[in-house]
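Number of protein chains: 2
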Amino acid sequence: MSSSQSNGSSAPKGLTKDNINPAVLEVSYAVRGELALKADKYAHQLADGEGSDLPFDRVVTANIGNPQQKGLDQRPITFWRQVISLLEYPALMEEHIELAKKMYPEDAIARAKSLHEEIGSVGAYTHSKGILGIRKRIAKYIEERDGYAADPESIFLTAGASAGVSLLMGVALQKGDGVMIPIPQYPLYTATLAYLSATPLPYYLDESGGWSMSLDSLKKTISDARGSNTPTKALVIINPGNPTGGCLAEDSMRDVVQLCYDEGILLMADEVYQANIFEPESKPFVSFKKVVRSMSKEVAEGTQLVSFHSISKGTSGECGRRGGYFELTNMREEVVEQIYKMASIMLCPPVTGQVGVDLLVAPPKKGDPSYELWHTETSTTLANLKSRSQLMSDRFNALPGMSCQPADGAMYLFPQIEMPQRALDEAKKRGKQPDVMYTLDLLDATGICAVAGSGFGQAPDSYHIRVTALCPGTEEYIGKIEQFHKDFMSKYQ
Amino acid sequence: MSSSQSNGSSAPKGLTKDNINPAVLEVSYAVRGELALKADKYAHQLADGEGSDLPFDRVVTANIGNPQQKGLDQRPITFWRQVISLLEYPALMEEHIELAKKMYPEDAIARAKSLHEEIGSVGAYTHSKGILGIRKRIAKYIEERDGYAADPESIFLTAGASAGVSLLMGVALQKGDGVMIPIPQYPLYTATLAYLSATPLPYYLDESGGWSMSLDSLKKTISDARGSNTPTKALVIINPGNPTGGCLAEDSMRDVVQLCYDEGILLMADEVYQANIFEPESKPFVSFKKVVRSMSKEVAEGTQLVSFHSISKGTSGECGRRGGYFELTNMREEVVEQIYKMASIMLCPPVTGQVGVDLLVAPPKKGDPSYELWHTETSTTLANLKSRSQLMSDRFNALPGMSCQPADGAMYLFPQIEMPQRALDEAKKRGKQPDVMYTLDLLDATGICAVAGSGFGQAPDSYHIRVTALCPGTEEYIGKIEQFHKDFMSKYQ
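Chains as they are written, first to last, in my numbering: chain A, 1 to 493; chain B, 1 to 493.
Fair warning: there could be bad hints in the mix.
[To be verified] Mimicking EDC-like on lysine to aspartate or glutamate, the simulated pairs with C-alpha atoms at most 16 Å apart in a straight line are:
| no. | chain 1 | residue 1 | chain 2 | residue 2 |
| --- | --- | --- | --- | --- |
| 1 | A | Lys70 | B | Glu337 |
| 2 | A | Lys386 | A | Glu281 |
| 3 | A | Lys13 | B | Glu298 |
| 4 | B | Lys113 | B | Glu94 |
| 5 | A | Lys219 | A | Asp206 |
| 6 | A | Lys386 | A | Glu250 |
| 7 | A | Lys13 | B | Glu144 |
| 8 | A | Lys175 | A | Glu26 |
| 9 | B | Lys17 | A | Glu333 |
| 10 | A | Lys102 | B | Glu337 |
| 11 | A | Lys17 | B | Glu334 |
| 12 | A | Lys17 | B | Glu337 |
| 13 | B | Lys13 | A | Glu334 |
| 14 | B | Lys365 | B | Glu106 |
[Said to hold, decoys possible] So, partial list: chain A residues that the calculated Cβ filter (under 10 Å) puts toward chain B:
| no. | residue |
| --- | --- |
| 15 | Ser121 |
| 16 | His127 |
| 17 | Gly170 |
| 18 | Ile183 |
| 19 | Pro187 |
| 20 | Ala191 |
| 21 | Lys290 |
| 22 | Ser294 |
| 23 | Leu347 |
No lab work stands behind these hints, which were simulated from the structure alone.
Note that the structure is predicted; figures quoted are calculated from it, not measured.
Backbone N, C-alpha and C fix where the C-beta goes; we use that ideal spot for every residue, glycine too.
Build the full structure now, drawing on both the sequences and the hints.
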């Protein structure tokens, strides 16, 4: 007679899908779903020599913005890695300094020494907001970028922008609060809102207008929410856009800020692609912090803003290090304290991620021994991204049944597929979204991973895929997509 | 006429304490609270040369288990840092290999090369569960530790144990679910439960019995919860204990496992101090995984367990790197999938944190060039911890009005203070918990930071402080606590 019987229940069941957090079941996250699992399987088959019946000899991961991934050609920035390797093994700056000088440029050693003095061991916890000296240098970087002051105490270092978004939303949102999110959006946002039982309030970006945002569409979203008694608590904007690649014009940003001020809405600006700008003269990146501060005194001091940045994108692409920061603007101290408390439970962001942020905001200067190499590396990365992006959108636009807005920045393209009716029917038969079917078939035929537009959201009855502009061998890669797409269209037309 | 007026509200307010997530307001987290802020202030004063009126010349941080912190004497393990510095700057293994060979032992280079081949750049995202090869080596380590098989697919690498606990509880718990937590406990648990609106169900550890746990006390907690219609979903055990330093006996663990099986309760075993064991012969660490697997078939295969481990503690103390893992035992695949989905939103744990776990589970072997140094470093760290811990508990026990259970492991002591009535009155007058007052006064008088027992929970009308056994200059440090304590007692007696 076991006590499970004595207490009246049947066999002990523990955790099941039916008794865990129901909000978790509501979360969907497309970037690493069925397609990624299938791609993993193919990659393992090929690695084990068992993929001889596959119609491709390698899996091309165009689904994730992971610049330093194996098979892609973005190298880490040498200066970053030199400084961090010295910090990891300070003996290189001490007993081995003479040998180290033969391998490390002077400025890398000097930078590592000064960081080492400031931080101590990179294996120790830091302040939960991040190392104060690094927060001060971030503030200086923001000031130089925007021309307006920044306060180190309003800056929190994070384990990448995603951790920052999750922390911020976790503090800011009550169950049922509405948060405006762009469609298409990066699925972190819908996933986090679902987990918090908050309500996504979609607003549509205008594809034919280069994925621009319209004030009318934002206002309509707010008024619809008001109609259903959902308070609009925050507005998420991704600029430059993911997956769209669109870069907002300053006028449009001013309208948005005014709206947030008028409505008392927190503006959440995801600006992780701020360094991935293809036409800095005609389509520059302007930060929301700068726009807020440039408005009337009332708006400049009354609009609540949180801006996210990251070392995962830009020209560094240090995703695996998990580093980033957010800056709070016009946030009440009582709320900052709550954010700090929650940050402190997770102790601190990874220290070499924090160092990465330091290297991002304070790169080598002209005249420094490492400047030329740093400049060549970062400008090559950016130039590659730009030329691939342009080539891809040109070629996609030349295909029947595909159209693609050229990107102003970021690292993705989000072409639209005009699905033939017979493809829609086939998808229905297979129980898949049409764009999901397209990406699965693309993977099966070519080994290329793309993400279906439905994972990001898209206008009703429109179908897209997101591909990165990170893949080397662009010609071959585009050629395979072209061939697949033509076959797909002729199969279903 | 602004639209904020036109929509009927007064000045836009945005986020305030009254409209953010109310669960966040319920969270308390004592380890880095008022005391830590005050200590920060003193440290800055001293650094700026403005602390000449303070009765101490440095702040001693005995409040956080942060072994590599400045001012403490635990050095990073050389082999770890060598391998990681090579991975950070692979040029050391390529064009600079001849010079590198003069600074790095052969086995560090070999290990870094093999990890580099497996992982690629440490700046790239990995699988969201962590690098498969590392998960396989963790499984092997667990098998060798316990004598029972482990499955790499049931292992998730995490950004430290805290991130793992937060992920796991976030998936497992519904609002209102009860979770048994030891009193005293590490405040991560109460903080996480408050954030999730779950219900902590305290069970008291028996101080006079060396902080042991009693089956009766556990059963009473479950039956009380049942009486108030709170379902008991999980049981948290910290072994070796934080803050208590107690190490559970295997018999007692078997009772707990049987109870969890009988009641269908998830057992959450925080085993981050498993390598910090002072008497491995008489009080060895035994993992809950081993205990579960050693029970009857029914229990061995029917008890759900999650075990957490970390690189932050042990002899590595690599807190700032944020690395750890958890292993799921007997978890249903449908639940594992949900955990994986939520892990994937945060992309991946920091890669060099994952490498740290690899170095933890697969250290240099006897005969390897790095073995002797590794062995000396790790055994010195452990010996220091043990001798300091013993000296501290002996000396604390010799003080009037203080008693201290000697620790079997971990890195803390949790002495009890017999508060004189006049101290209780004074605390009331100051609006502080008596033990909080004690730690604030200790800081003011000596510069030593300790955490008040109320941050961890303690039996009613008992008062404790938690101090780490990490501080060098133990004699001087204990001497200061002794002097303060005597003064405190005579002041209030």
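Is it true that the CA of Lys13/A sits at most 16 Å from the CA of Glu144/B? 29 Å, violated
Let me know if the C-beta of Lys290/A comes in closer than 10 Å to any C-beta of chain B, holds or violated. Hint on Lys290/A: violated, closest Cβ of chain B at ~19 Å, above 10 Å.
16 Å limit on alpha-carbon distance, applied to hinted pair Lys17/A and Glu334/B: Since the Cα atoms of Lys17/A and Glu334/B sit roughly 6 Å apart, the hinted pair holds (cutoff 16 Å).
Supplied contact hint for Ala191/A, tested at 10 Å Cβ to chain B: Ala191/A check passes; min Cβ-Cβ to chain B is 5 Å, inside 10 Å.
Lys13/B and Glu334/A were given as a pair; does the straight-line alpha-carbon distance stay at or below 16 Å? 13 Å, holds
Tell me if the straight-line CA distance from Lys13/A to Glu298/B falls inside 16 Å. 12 Å, holds
Chain B contact restraint for Ser121/A - C-beta distance below 10 Å: 4 Å, holds
Is the shortest C-beta separation between Gly170/A and chain B less than 10 Å? 7 Å, holds
Proposed proximity, Glu94/B with Lys113/B (alpha carbon, max 16 Å): Within the cut-off at roughly 10 Å; holds.
Is the Cα-Cα distance between Lys102/A and Glu337/B 16 Å or less? Judged against 16 Å, a Cα distance of about 50 Å means the pair is violated.
Could you grab the alpha-carbon distance between Lys386/A and Glu250/A and see if it respects the 16 Å cut-off? 22 Å, violated
Restraint satisfaction for Pro187/A [CB to CB of chain B, less than 10 Å]: 8 Å, holds
Violated hints, listed in ascending order, are 1, 6, 7, 10, 18, 21 and 22; each of the other numbered hints is respected by the structure.
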